[in-house]
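If you're matching them up, the sequences are chains A and B in order.
So in the numbering used here, spot 276 of the first sequence is number 276, and the numbers just go up one at a time.
Throughout, the numbering used here is defined as the position within the second sequence, counted from one, plus 1000.
Read the hints as simulated data drawn from the structure, not as lab findings.
Incorrect hints may appear among the rest.
Simulated crosslink set (SDA-like; lysine to any residue; CA at most 20 Å straight-line) [unchecked claim]: (1) A:LYS417 - B:GLY1024; (2) A:LYS417 - B:GLU1156; (3) B:LYS1170 - B:GLU1156; (4) A:LYS417 - B:GLU1014; (5) B:LYS1193 - B:ASP1174.
Here are the chains, one letter per residue:
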Amino acid sequence: MGRRTIIVAAASLTMGVGVAWVMFANEVRTASVLDVVLVLVVGWSFIGAGLLAWQLKPGNNIGTAMVVTGFLRFAAALDQSQNLLLFAGGHALEVAYLAGVIYVVLAFPHGRLENTFHRWLFGLAIFAVGPLDIARLVFGGHDPEDCVGCPPTLVIEVTNAPGIVRVLELALFGLGAVVAVSAFAVLLRRWRRASPRLRFAIAPVLWVGAASFVAVFLMVANHFLEEPTGDAPHVLLDVVVASVAFAFLVGLGRTRLARSAVADLVIELGNTPGPGELRAALARALRDPSVAIAYWLPDDQRYVDADGRPVVLPDNDERSVTIVQREDHTIAALVHDPALREDEQLVESVCAAAGLAMENERLQAELRARLQELSASRTRIVEATQAERRRIERDLHDGSQQRLVSVAMTLGLADSKIASDPDRAQTFLREARTDLSEALEDLRELSSGIYPGILTERGLVPALDELAARCHLPVELDVSLPERLPDGVETAAYFVVSELLTNVAKHAPASNVRVRVELVDERVVIQVRDDGPGGADPSRGSGLRGLRDRIEALGGRFTLESAPGSGTVVEAEIPCG
Amino acid sequence: MRVVVAEDSMILREGLVRLLTEVGFDVVGQAGNGAELLQQVDTHDPDVAIVDIRMPPTHTDEGLRAAKELRHRHPGLGVLVLSQYARPSYAFELLSDGTDGIGYLLKDRVSDLGELAESVRRVAGGGSVLDPSVVAQLVNRRRMGNDPVEELTERELEVLGLMAEGRSNKAVADRLFITEHTVEKHVQNIFAKLQIPTTTDDHRRVLAVLTFLNSS
């Protein structure tokens, strides 16, 4: 507890006691117990709540505003004194504390007036309860006849000008009514726009605040209509204003620590939460039904929801994001109502309490994401197989089949000429033989594309030599492998190199290529590096993705580095086990 | 006889033109796709169009569609469709508008010059030609329940197949080295066993037989 707090507390105690003594000690105008109690409750509750706010929310000037409001309320009660100076002072500050109430209600909970309109309202309120009200008294607004037992003179009264007073009173009442109604409308609007989480936090202050604006309005109307309801609106205002500080305390509690909510959460999460229950539990603990959890997948560097579906974190003022870490690793991101930013401690405690459960659910989400990826990659593999079959059919149709039909035609011609014109028949036969060789060549090329025989007969190393020799690019081959590897591994490695070379030839036809194949820890590591333009993206185009799918299907890994302008390096690892 | 050839493969188109010229046809126009074909036929008004099924731009069934369009535009024109594959469904699609002057043959058949010349003449004369392998697929397909085709004798099956290929009684008789009269008797037996209403018109007969073979 700071010195300032102690001084203020002591001062408020003294002032309260002093005001009570002034009120009770006045033998001309004896105050009722209710009056005194109301004054003390309003004053001390505001000052007390303000001091508490200083402690809990340093830097939030709402606490100061409350302390000032409390002292102003005490000051206003000094008009119960018969001492001329105290009487005048109290009278001058009679409604000053209402400006403080307006500030507290409008600035709750952030402690600042959020826009120009609010600042205008507050300014008008100060102008009304300060200069305007005092000017009214200066020009003789105080009518001793209305004030039974009051001192006969108000020392600040300079002249008695009923015309001016009338104008000032009209201005004062009009301004009071306008400010009260506007402030009420502001609260209504704020309520309607607030998220459920924020509503919960601001509800007490908002409603009590709205009630006090209604009371102010009633008091002004009462004055204006020559007090048909007597003193009732004053008492109502005092009662309502007295509850503002308590509402503030409740609201402060709500925006701050929902300690019990965190405790509940810990108990709730002790029983392993089922699917979706974690989110619901967090929503309850944070009192934010909109809360969403995005789980971090470190391998993929992306977020997914509990079902493993990709999630993009929002980047706007309507939602806030809190990154949840556990043992220095990011495990999730909490997407929540921005109102929770007011209460980082609550969010932190909730995240700490739910850390283990979140880590569990993160693992499950990761698993689901993997399954989805797996299923997508299986679909792609099936589709790629079908596409490959179509390609082979097309190659056969356009290549060998046509040549063979052509051979059949030429043979038909030869057949028709063999008796009548043997020389022409022989020409046709030679033509047919040439066509047939070409058809065979087509078939050979196609079948070695489907599966190169040399791979089975001689193994991966000679097959890669042959592949490099056939390639239209300059290829530097660096293969260090034991004699033979399992068939499946050799085939996969061969086609990885073959497809990557095809890819380079297609996208970077002017490059030099280095191919390195080696065995590291029972894994074949293939690296194909070109000095082309780079910028390859496996998410576009099916070639690289298909390759990745097939390598991952074998339990291998596939990485690609292809910054624009610095060539492309693809590394694939295929396990031999 | 004037012929237009549509085939996107240069090798095959040239081969076809050579064969057709060799057997005495006058190749008046050549096309590489369906649109060109329609244009060539409009220009030259030939007796027969010989059309490859698979042509650019989609490489699926342009030839088939062009052939149907041709039959609408030029009702008297004979259309012989050539295909790398023998697909009954394509054959039926082609014949569904009527069997007059239409043919569907595997590309391989053209190497038999006599057979090619006969097929072209047949469609030019309003007859129909169906590839034997398509017919074989239709005859040999298994049918639900009692298959009346199974009640046919070996010889009757041969006659049925040749009928389905679009041949006349005389052509069937020549093929099987029997008399036309014997063929007529076989045909009557076949129609009775398969319970198809008899018709003497060669052209209508093809459709009746094919419809039966394709049913159930």
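So if I understand the rule, the pair passes when the alpha-carbon distance is 20 Å or less; does B:LYS1170 with B:GLU1156 pass? Holds. B:LYS1170 to B:GLU1156 sits at ~15 Å (cutoff 20 Å).
Tell me if the straight-line CA distance from B:LYS1193 to B:ASP1174 falls inside 20 Å. 24 Å, violated
Next pair to validate is A:LYS417 with B:GLU1014; report whether the Cα-Cα distance is within 20 Å. 18 Å, holds
Holds or violated: A:LYS417 to B:GLY1024, with C-alpha atoms at most 20 Å apart: Measuring from Cα to Cα gives roughly 14 Å; hence the hint holds.
Given pair status - B:GLU1156, A:LYS417, alpha carbons within 20 Å: 36 Å, violated
Comparing the model with each numbered hint stated earlier shows that hints 2 and 5 do not hold.
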